[in-house]
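Peer 1: These are the residues of each chain, in order.
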Amino acid sequence: MTDHNSPVTVDELHAYVDGMLPDDRQAAVEAWLAAHPDDAAQVAAWRALAAAVRNRYGAVAEEPMPARFDISKLARPRTPWRMIAAAALLAATAGIVAGWVGRAATAPAPTALEIMTTEALGAHKLYVAEVRHPVEVRAAEQHLVPWLSKRVGAELRAPDLKEYSLKLLGGRLLPGPIGPAALFMYEGPSGERYTFYCSRSKKARTALRYQSGGDVAAMHWVESEIGYVVSGPDDREQLAKIARTVYEQIENPPRRGAAVPLISRKGS
Amino acid sequence: MSGFRPSIEAAIPSLRRYARALTHNAELADDLVQDTLVRALRSEHLFHGGEIRSWLYTILTNLNRNRLRSLARRPTHTSIEDNDAPGTMGPEAGGRDIERALASLAEDQRITLLLVVLEGMSYREVAEIQGVPIGTVMSRLARARMQIKSFLDGARPTLRRVK
Chain A
1 MTDHNSPVTV DELHAYVDGM LPDDRQAAVE AWLAAHPDDA AQVAAWRALA AAVRNRYGAV
61 AEEPMPARFD ISKLARPRTP WRMIAAAALL AATAGIVAGW VGRAATAPAP TALEIMTTEA
121 LGAHKLYVAE VRHPVEVRAA EQHLVPWLSK RVGAELRAPD LKEYSLKLLG GRLLPGPIGP
181 AALFMYEGPS GERYTFYCSR SKKARTALRY QSGGDVAAMH WVESEIGYVV SGPDDREQLA
241 KIARTVYEQI ENPPRRGAAV PLISRKGS
Chain Z
1 MSGFRPSIEA AIPSLRRYAR ALTHNAELAD DLVQDTLVRA LRSEHLFHGG EIRSWLYTIL
61 TNLNRNRLRS LARRPTHTSI EDNDAPGTMG PEAGGRDIER ALASLAEDQR ITLLLVVLEG
121 MSYREVAEIQ GVPIGTVMSR LARARMQIKS FLDGARPTLR RVK
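Those protein sequence lines, which keep their order, are chains A and Z.
Following the numbering used here, the numbering of the first sequence begins with 1 at its first residue and continues without gaps.
Following the numbering used here, the numbering of the second sequence begins with 1 at its first residue and continues without gaps.
No lab work stands behind these hints: they were computed from the structure.
Check each hint, because a few of them may be wrong.
[Said to hold, decoys possible] Pairs of lysine to aspartate or glutamate residues, derived as EDC-like cross-links and limited to a Cα-Cα distance of at most 20 Å, are as follows:
#1 Z:149 - A:141
#2 Z:149 - A:130
#3 A:167 - A:130
#4 A:125 - A:234
It should be emphasised that the depicted structure is a prediction, and the values quoted were computed from it without experimental measurement.
Next comes chain A alone, as it looks inside the complex (with noise of 0.2 Å):
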């Protein structure tokens, strides 16, 4: 039982106002404003103040949405991964916006192979730190290539790369920056990880190009408009191995009629 009578502190009445008081002290706030007039007319300014704000910016949420305000615009990154990271400490030691610096230094456009890169290098980092859920949907699940494929809209199959002894973990499937994308997941025995990105690319046909982005690097073209993203150790010499794989496993699907094409555009 709640003593009405209680004693209500400030605190309570704040709470109270701002819906921050636990369901069973809400009587007893009540009975108090109920017997304390100027505590009651302390609430309904506190109140009368909040909806003030409320109204002169709550508009502001219901705004259109300028076209600034891309998500898939807005993750290109405009310079280069070290020169961002050395503004961004500059700008954390001198106490200026990031953002300003990075503004100022406009670097001319990347191209999408790079922003799709540049993601899927994003995808690898986030994901291959995973412990528990590297991946959203296991190998040994059926449907985890046909379901990516779908999505992506092409008919992909993860690359067999038991030669450098790295083990399919699953995929998940990613926002991709002209559309979904695909990332397989591979686990070597000393737990080391390899991510292989899909999506679709507007461009046909690029050649393999190395990219690195820290301590990890990727290896990336496209091929028939589909961009893939090969991404580990930043190990040039084996990443560029475990590329051409894929990309003749691709190119040149083991064994025709014993296998489906690796990854063949739909319709062609």
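Chain A is already provided as a structure; the job is to place chain Z on it using the hints.
Peer 2: Just chain Z now, kept in the frame of chain A:
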């Protein structure tokens, strides 16, 4: 974890609202929101769970603090006029009074009040965003409300009519 970007996207309208109330300047507010989003997206690989919404508010609050510090050091060309369209004002003329009342608050108190009253944050979330104990949040909130009351008592009592 796969909801990182959607969660960020969903927070944009309320971040804009908070930034507008914090700066009283639509353009400046949207610049702050954009810088917040860019900063958040760049830190995507560092984000290993937690409440994305309060993290974004923390970034925005800190960026604004940095902005105010750097403003103190160099001349500014920012217009002091509120460049909101009149249509976005509250229906009451009390809009101006409330702006002035908020402007009379110390920065930390204004942040606390806006996060609680406008953004509907819990005291715990506000404590996290401001990096202070809950007790400090409570005292900032109490002082903010007291200061606004005395400000409005000195000014025209338009606020009472705003419902």
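Peer 1: Take a quick look at whether residue 149 of chain Z and residue 141 of chain A sit within 20 Å of each other, Cα to Cα.
Peer 2: 62 Å, violated
Peer 1: Is the straight-line distance between the alpha-carbon of residue 125 of chain A and that of residue 234 of chain A 20 Å or less?
Peer 2: 12 Å, holds
Peer 1: What's the verdict on residue 149 of chain Z and residue 130 of chain A, does the C-alpha distance respect the 20 Å limit or exceed it?
Peer 2: Status violated; Cα separation ~50 Å.
Peer 1: Given the hint that residue 167 of chain A pairs with residue 130 of chain A, does the C-alpha gap stay at or below 20 Å?
Peer 2: Holds, at roughly 16 Å.
In this structure, the earlier hints numbered 1, 2 are contradicted, and the remaining ones agree with it.
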